[in-house]
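When you get a sec, could you build the whole thing from the sequences and use the hints?
These protein sequences, in sequence, are chains A and B.
For the first sequence, numbering that gives the first Met the number 0 assigns the number 0 to the initial residue and increments by one for each residue that follows.
For the second sequence, numbering that gives the first Met the number 0 assigns the number 0 to the initial residue and increments by one for each residue that follows.
There's no promise every hint is true.
Since the list can't tell identical chains apart, any single copy or any two copies may satisfy a pair.
Unchecked claim - Straight line, CA to CA, 25 angstroms or less: simulated SDA-like cross-link-like pairs of lysine to any residue:
{"id": "1", "residue 1": "96", "residue 2": "84"}
{"id": "2", "residue 1": "232", "residue 2": "22"}
{"id": "3", "residue 1": "39", "residue 2": "58"}
{"id": "4", "residue 1": "263", "residue 2": "227"}
{"id": "5", "residue 1": "83", "residue 2": "24"}
{"id": "6", "residue 1": "83", "residue 2": "98"}
{"id": "7", "residue 1": "90", "residue 2": "21"}
{"id": "8", "residue 1": "119", "residue 2": "130"}
{"id": "9", "residue 1": "83", "residue 2": "100"}
{"id": "10", "residue 1": "90", "residue 2": "100"}
{"id": "11", "residue 1": "83", "residue 2": "96"}
{"id": "12", "residue 1": "96", "residue 2": "151"}
{"id": "13", "residue 1": "233", "residue 2": "100"}
{"id": "14", "residue 1": "233", "residue 2": "23"}
{"id": "15", "residue 1": "83", "residue 2": "229"}
{"id": "16", "residue 1": "305", "residue 2": "189"}
{"id": "17", "residue 1": "272", "residue 2": "223"}
{"id": "18", "residue 1": "233", "residue 2": "98"}
{"id": "19", "residue 1": "83", "residue 2": "148"}
{"id": "20", "residue 1": "233", "residue 2": "22"}
{"id": "21", "residue 1": "119", "residue 2": "20"}
{"id": "22", "residue 1": "96", "residue 2": "16"}
{"id": "23", "residue 1": "232", "residue 2": "24"}
{"id": "24", "residue 1": "83", "residue 2": "152"}
{"id": "25", "residue 1": "233", "residue 2": "24"}
{"id": "26", "residue 1": "96", "residue 2": "147"}
{"id": "27", "residue 1": "96", "residue 2": "152"}
{"id": "28", "residue 1": "83", "residue 2": "99"}
{"id": "29", "residue 1": "119", "residue 2": "187"}
{"id": "30", "residue 1": "256", "residue 2": "152"}
Hints were generated in silico from the structure; no laboratory data involved.
There are 2 protein chains.
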Amino acid sequence: MHSFEDLSAEFSARFLTQHFPTHPASLYEPANYFLGIGGKRIRPVLCLMGNELFGDIDPDAWHLAASIELFHNFTLIHDDIMDKAPLRRGKPTVHEKYGASTALLTGDVMMVVAYDYLSKIQAQHIRPIMHIYNQTAREVCEGQQLDMDFESMDRVDLSAYQQMIGLKTSVLLAASLRIGAILGGAGLGNQQHLYDFGKNLGLAFQVQDDYLDAFGDPAKFGKQVGGDIVAGKKTFLLIKTLEVATEAQHREINDLKKADDAGKIKGMLRIFKACGVDAWARELKEQYMQTAYQHLEDIAVLARRKEPLQQLAAFLVQREY
Amino acid sequence: MHSFEDLSAEFSARFLTQHFPTHPASLYEPANYFLGIGGKRIRPVLCLMGNELFGDIDPDAWHLAASIELFHNFTLIHDDIMDKAPLRRGKPTVHEKYGASTALLTGDVMMVVAYDYLSKIQAQHIRPIMHIYNQTAREVCEGQQLDMDFESMDRVDLSAYQQMIGLKTSVLLAASLRIGAILGGAGLGNQQHLYDFGKNLGLAFQVQDDYLDAFGDPAKFGKQVGGDIVAGKKTFLLIKTLEVATEAQHREINDLKKADDAGKIKGMLRIFKACGVDAWARELKEQYMQTAYQHLEDIAVLARRKEPLQQLAAFLVQREY
Numbered sequence: 000m001h002s003f004e005d006l007s008a009e010f011s012a013r014f015l016t017q018h019f020p021t022h023p024a025s026l027y028e029p030a031n032y033f034l035g036i037g038g039k040r041i042r043p044v045l046c047l048m049g050n051e052l053f054g055d056i057d058p059d060a061w062h063l064a065a066s067i068e069l070f071h072n073f074t075l076i077h078d079d080i081m082d083k084a085p086l087r088r089g090k091p092t093v094h095e096k097y098g099a100s101t102a103l104l105t106g107d108v109m110m111v112v113a114y115d116y117l118s119k120i121q122a123q124h125i126r127p128i129m130h131i132y133n134q135t136a137r138e139v140c141e142g143q144q145l146d147m148d149f150e151s152m153d154r155v156d157l158s159a160y161q162q163m164i165g166l167k168t169s170v171l172l173a174a175s176l177r178i179g180a181i182l183g184g185a186g187l188g189n190q191q192h193l194y195d196f197g198k199n200l201g202l203a204f205q206v207q208d209d210y211l212d213a214f215g216d217p218a219k220f221g222k223q224v225g226g227d228i229v230a231g232k233k234t235f236l237l238i239k240t241l242e243v244a245t246e247a248q249h250r251e252i253n254d255l256k257k258a259d260d261a262g263k264i265k266g267m268l269r270i271f272k273a274c275g276v277d278a279w280a281r282e283l284k285e286q287y288m289q290t291a292y293q294h295l296e297d298i299a300v301l302a303r304r305k306e307p308l309q310q311l312a313a314f315l316v317q318r319e320y
Numbered sequence: 000m001h002s003f004e005d006l007s008a009e010f011s012a013r014f015l016t017q018h019f020p021t022h023p024a025s026l027y028e029p030a031n032y033f034l035g036i037g038g039k040r041i042r043p044v045l046c047l048m049g050n051e052l053f054g055d056i057d058p059d060a061w062h063l064a065a066s067i068e069l070f071h072n073f074t075l076i077h078d079d080i081m082d083k084a085p086l087r088r089g090k091p092t093v094h095e096k097y098g099a100s101t102a103l104l105t106g107d108v109m110m111v112v113a114y115d116y117l118s119k120i121q122a123q124h125i126r127p128i129m130h131i132y133n134q135t136a137r138e139v140c141e142g143q144q145l146d147m148d149f150e151s152m153d154r155v156d157l158s159a160y161q162q163m164i165g166l167k168t169s170v171l172l173a174a175s176l177r178i179g180a181i182l183g184g185a186g187l188g189n190q191q192h193l194y195d196f197g198k199n200l201g202l203a204f205q206v207q208d209d210y211l212d213a214f215g216d217p218a219k220f221g222k223q224v225g226g227d228i229v230a231g232k233k234t235f236l237l238i239k240t241l242e243v244a245t246e247a248q249h250r251e252i253n254d255l256k257k258a259d260d261a262g263k264i265k266g267m268l269r270i271f272k273a274c275g276v277d278a279w280a281r282e283l284k285e286q287y288m289q290t291a292y293q294h295l296e297d298i299a300v301l302a303r304r305k306e307p308l309q310q311l312a313a314f315l316v317q318r319e320y
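Okay, structure coming up:
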């Protein structure tokens, strides 16, 4: 059994390989650039942990972990184009540095290479794993599309928003765990519990992310508090606020659109608190965590095998930065 | 044994199914729209013909044919974004009708569904077929990138151009045949000959396409002659002309950039003829065809099994429209 940190270090070392041919450099240099920006490599490590929950790490798990990380990076490159994001982890995005057309193709070819790693695993596992992989990939696209649809809507239903977040961010975490579990020899029931653990953990993480953007300690959070408010981004906090606000508060929110950044942040934080969505968000996160832990509990393996996942979950959703 | 027309009719009928979920419609409606525009379905039928060259059509060939056609359509949707093309087969392109972000995602999800069809085939075939499929998908991306690189270059070497065209258009034709051949039980030698037949056929087809744009009979060609010239597109004819033109002709080509469309077409056609690239292109196409037929000849199956492919090749590269 290994901790998240151990597996992360080993994965990162192995992932520092040449994933692409050298020619044409105009296509592959951007791909290498983006992978070089780094990242927390959470999803591939979840795949390895899902495997190790049930048995020794299968050599194929490293192929699948690489595949998942490449797939994730492909979605980031394309999302950045759609969101017109200038920066990713403080560095210029691929479309910013190399142009939108090259970024589009770089994402495409990264996805192909992701599938190529998947094809390297033993034949008996390919079909069940590809089934989950493809379904998840479809769902991630659906989540991104819904997110864009929601951006142009005045009001979004909370349950629709939760579903979107689940598709856009949680299913890939959940599927990473499950794919590892298949390699570890888990039965369908255990696979499903592990998947649901990952899905709820992902939702808890997103609630916390939205919460910290508004109420986090800037010194620990590492970025300016209120970024989502200034960007007018739909978050758990805003969606819930729009659901419960009085008519007067709705007018106030509308008026704040004309305020400067500092005014927007100050005003929205006051309304969030008046509507009680700070406490609501803490409670919602707690509910997702309880559901996640219950699914982890229900997995039929020795308790000590679950410890690394418990530690990771506690670390991910109790961070204050 | 079936003719191209028979297989095309049967494939088209089977392909008229629901490939995507219904929700979110904002993602899948554009995908259905694009497939509804139609197309010649050449690649999936080549897959079926590659199979039938060696044996009865395997039920999995229909999955692979659908996969290949979806993959091809994904590349068209993304290429249209990069090329800023307003129309495809006379209809608005996906990005024109639904916006670039949705077109990007629609392409992505179509590629995922293409891989999902691939995952449905019998386990023993998945790895060898995915290997070729992924390599081809990578090469198609490389070809598109090189094409974009070349657009911004003053001069392109003929051999580099041939390589780009091979990647961008021919490898998918060749791989479609080869993937079918694998299902038909072909050995490696026969697979390679069939692949090379497809690759050279694709190159011959492209030379002919470029030739007809300049020298075709407008009544038979179905579109305005000289479209490539007006668009300043790099073609076999232009690349070769730039290689052999005198200094005076180079100056003339440069001066033509300021001419109106009719003047450009008239002037470039005169230079093409003066440089003899019309005869050169006919000869080049003939060479590709001879190479293609030689590879078909070298495949170790009864001659009558090759007839549908011979007929198709003759049809494709002797068209005057």
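Consistency of the hints with the structure:
In the homo-oligomer, the alpha carbons of residue 96 and residue 84 lie at most 25 angstroms apart both inside one protomer (11 angstroms) and across protomers (23 angstroms), since each shortest distance falls under that limit. Taking CA atoms no more than 25 angstroms apart as the test, residue 232 paired with residue 22 passes between copies only; the shortest distance there is 23 angstroms, against 40 angstroms inside one copy. With identical chains, the CA atoms of residue 39 and residue 58 are at most 25 angstroms apart within one copy only, with a shortest distance of 22 angstroms there and 43 angstroms across copies. Taking the shortest alpha-carbon separations for residue 263 and residue 227, only the intra-copy value of 11 angstroms comes in at or below 25 angstroms, while the best inter-copy value is 53 angstroms.
For a Cα distance limit of 25 angstroms, the shortest separation of residue 83 from residue 24 qualifies both inside one copy, at 24 angstroms, and across copies, at 23 angstroms. Taking identical chains as interchangeable, the C-alpha atoms of residue 83 and residue 98 lie at most 25 angstroms apart whether they share a chain (11 angstroms) or sit on different chains (14 angstroms). For a Cα distance limit of 25 angstroms, the shortest separation of residue 90 from residue 21 inside one copy, 23 angstroms, qualifies, whereas the shortest one across copies, 37 angstroms, does not. For the homomeric pair residue 119 and residue 130, the shortest alpha-carbon distances inside one copy (16 angstroms) and between copies (9 angstroms) are both at most 25 angstroms.
Proximity of residue 83 and residue 100 under a CA criterion of 25 angstroms is satisfied in both settings, with 13 angstroms inside one chain copy and 10 angstroms between copies. For the homomeric pair residue 90 and residue 100, the shortest alpha-carbon distances inside one copy (19 angstroms) and between copies (22 angstroms) are both at most 25 angstroms. Proximity of residue 83 to residue 96 under the C-alpha cut-off of 25 angstroms is found in both arrangements, the shortest distances being 12 angstroms within a copy and 20 angstroms between copies. In the homo-oligomer, the alpha carbons of residue 96 and residue 151 lie at most 25 angstroms apart only across protomers (17 angstroms), although the nearest pairing inside one protomer, at 27 angstroms, exceeds that limit.
In this assembly of identical chains, residue 233 and residue 100 lie within 25 angstroms of each other by CA distance solely across copies; the values are 18 angstroms between and 28 angstroms within a copy. Only between protomers do residue 233 and residue 23 lie at most 25 angstroms apart by alpha-carbon distance; the minimum there is 19 angstroms, versus 40 angstroms within a single protomer. Proximity of residue 83 to residue 229 under the C-alpha cut-off of 25 angstroms is restricted to the intra-copy arrangement: shortest distance 16 angstroms within a copy versus 33 angstroms between copies. For the homomeric pair residue 305 and residue 189, the shortest alpha-carbon distance inside one copy (12 angstroms) is at most 25 angstroms, but the shortest distance between copies (52 angstroms) is not.
Within a single copy, residue 272 and residue 223 get their C-alpha atoms as close as 19 angstroms, which meets the 25 angstroms cut-off; across copies the closest is 66 angstroms, which misses it. In this assembly of identical chains, residue 233 and residue 98 lie within 25 angstroms of each other by CA distance solely across copies; the values are 21 angstroms between and 28 angstroms within a copy. Proximity of residue 83 to residue 148 under the C-alpha cut-off of 25 angstroms is found in both arrangements, the shortest distances being 16 angstroms within a copy and 23 angstroms between copies. With identical chains, the CA atoms of residue 233 and residue 22 are at most 25 angstroms apart between copies only, with a shortest distance of 21 angstroms across copies and 41 angstroms within one.
For the identical chains of this complex, residue 119 and residue 20 are intra-copy neighbours only, at 17 angstroms inside a copy versus 29 angstroms across copies, given an alpha-carbon limit of 25 angstroms. Only within a single protomer do residue 96 and residue 16 lie at most 25 angstroms apart by alpha-carbon distance; the minimum there is 23 angstroms, versus 41 angstroms between protomers. Proximity of residue 232 and residue 24 under a CA criterion of 25 angstroms is satisfied inter-copy only: 23 angstroms between copies versus 36 angstroms inside one chain copy. Taking CA atoms no more than 25 angstroms apart as the test, residue 83 paired with residue 152 passes inside one copy only; the shortest distance there is 19 angstroms, against 27 angstroms between copies.
Proximity of residue 233 to residue 24 under the C-alpha cut-off of 25 angstroms is restricted to the inter-copy arrangement: shortest distance 21 angstroms between copies versus 38 angstroms within a copy. Within a single copy, residue 96 and residue 147 get their C-alpha atoms as close as 23 angstroms, and across copies as close as 16 angstroms, so both meet the 25 angstroms cut-off. In this assembly of identical chains, residue 96 and residue 152 lie within 25 angstroms of each other by CA distance solely across copies; the values are 20 angstroms between and 31 angstroms within a copy. Proximity of residue 83 to residue 99 under the C-alpha cut-off of 25 angstroms is found in both arrangements, the shortest distances being 10 angstroms within a copy and 12 angstroms between copies.
For the homomeric pair residue 119 and residue 187, the shortest alpha-carbon distances inside one copy (23 angstroms) and between copies (20 angstroms) are both at most 25 angstroms. In the homo-oligomer, the alpha carbons of residue 256 and residue 152 lie at most 25 angstroms apart inside one protomer (16 angstroms), although the nearest pairing across protomers, at 47 angstroms, exceeds that limit.
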